[in-house]
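Student: Chains as they are written, first to last, in the working numbering: chain X, 1 to 186; chain Z, 1 to 173.
Since the hints were made in silico from the structure, they are not lab data. All residues carry an ideal CB built from backbone N, CA and C; glycine is no exception.
To give an idea of the interface, some chain X residues facing chain Z are shown, with a C-beta separation under 8 Å as derived from the structure:
{"#": "1", "residue": "48"}
{"#": "2", "residue": "93"}
{"#": "3", "residue": "95"}
{"#": "4", "residue": "96"}
{"#": "5", "residue": "159"}
{"#": "6", "residue": "160"}
{"#": "7", "residue": "161"}
{"#": "8", "residue": "162"}
{"#": "9", "residue": "163"}
{"#": "10", "residue": "164"}
{"#": "11", "residue": "166"}
{"#": "12", "residue": "167"}
{"#": "13", "residue": "171"}
{"#": "14", "residue": "176"}
{"#": "15", "residue": "178"}
{"#": "16", "residue": "180"}
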Amino acid sequence: MRNRRDRSAVGACMSEERVSLRPIAEDELSAIEALVNDPQALGEFQWYGWRDPQRFRRRWQESRLLEEEQWMLAVAVDGEFGGFVAANRSGVRPAAPYWSIGVQLLPGVRGRGIGTRAQRLLVDYLFAHSPVMRLEADTEAGNLAEQRVLEKLGFTREGVQRAVTFRAGEWRDIVRYSLLRTDPRP
Amino acid sequence: MNEENVTLRPIAEADLPHFLSLLNDPDAMGEHLWFGWRQPDRIRRVWAENGLLTDEQWTLAITVDGEFRGYAAAMREVAAPTGWHWSMGAQLLPGARGRGIGTRAQRLFVDYLFAHSTAMRLEAETESANLAEQRVLEKLGFVREGVKRAQVFRAGEWRDVVLYSLLRTDPRP
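Looking at chain X on its own, in the form it has when it is part of the complex (with noise of 0.2 Å):
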């Protein structure tokens, strides 16, 4: 009972803000560098030690982050760089390839259902541009929150995979979703 008017109130207050997708712009690169070195930021899931933040400015440099193995686009909130989204293909065979999606939020902007509505939006521009059957999404097992809301966004839980990332002195399961284009979309 309690969820379900919390969750309301959460819906009432996502309505008020624009979402939506656009390229990374220039002037971005520097909020998106701070985000991936900053552990706090990053939240409990994401943080995997220091790595070369300057590795972004080099591709959007040179590819604006559109690349054919990746698509990287900004999540804007009315207007405002609120965070990322990106989509990497993989598939074993080249002849069937299919995107990995992720999304990555400001704190600032976490906990409204900024993230599921980001993450729609990239489903349906990945579903329009590109021929794909299938969208892989998959969080670790104690990520709930991001559960969700690939859950809400349709995504079926396909399984959990043993010891796929190495995260904080330990190796940690994940749990893999799909979402077909033939999936009903919520």
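With chain X fixed as given, assemble chain Z onto it according to the hints.
Tutor: Just chain Z, lined up with the frame of chain X:
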């Protein structure tokens, strides 16, 4: 099956015609593995360059009493910035199937991969309809993790794949 001596070794030049038939002959490949023609010369070139043993992929011949009878291969897959695992598979020539050779070869390959790399996880995928390979993987101690929908496209259709894994810390029967 106890009579025959199954071993793994690098692929030799004399193996290449048989090896290529497993990659480019629909009849030799069997029901679940024929994905269409591929450049045959490419494999020869790669073999000449690195013997099919690179940092990213290890391919070994399966021999029975010293004769080439198939191959086992592992591809390194990177997951997240820090994790990686091997995705492995094996394929036998038609005449060598159905006598437990695939099981013994894959058991040797599992031991080899855990002995010579730091991998925590081995992964194996097989089409949902390929029950024989699923039985082999379960015999080797692999755990069935789930079904990945529409993961491969073969013979005109998207097909589901069953994902299995074996961790270094799992019991190996």
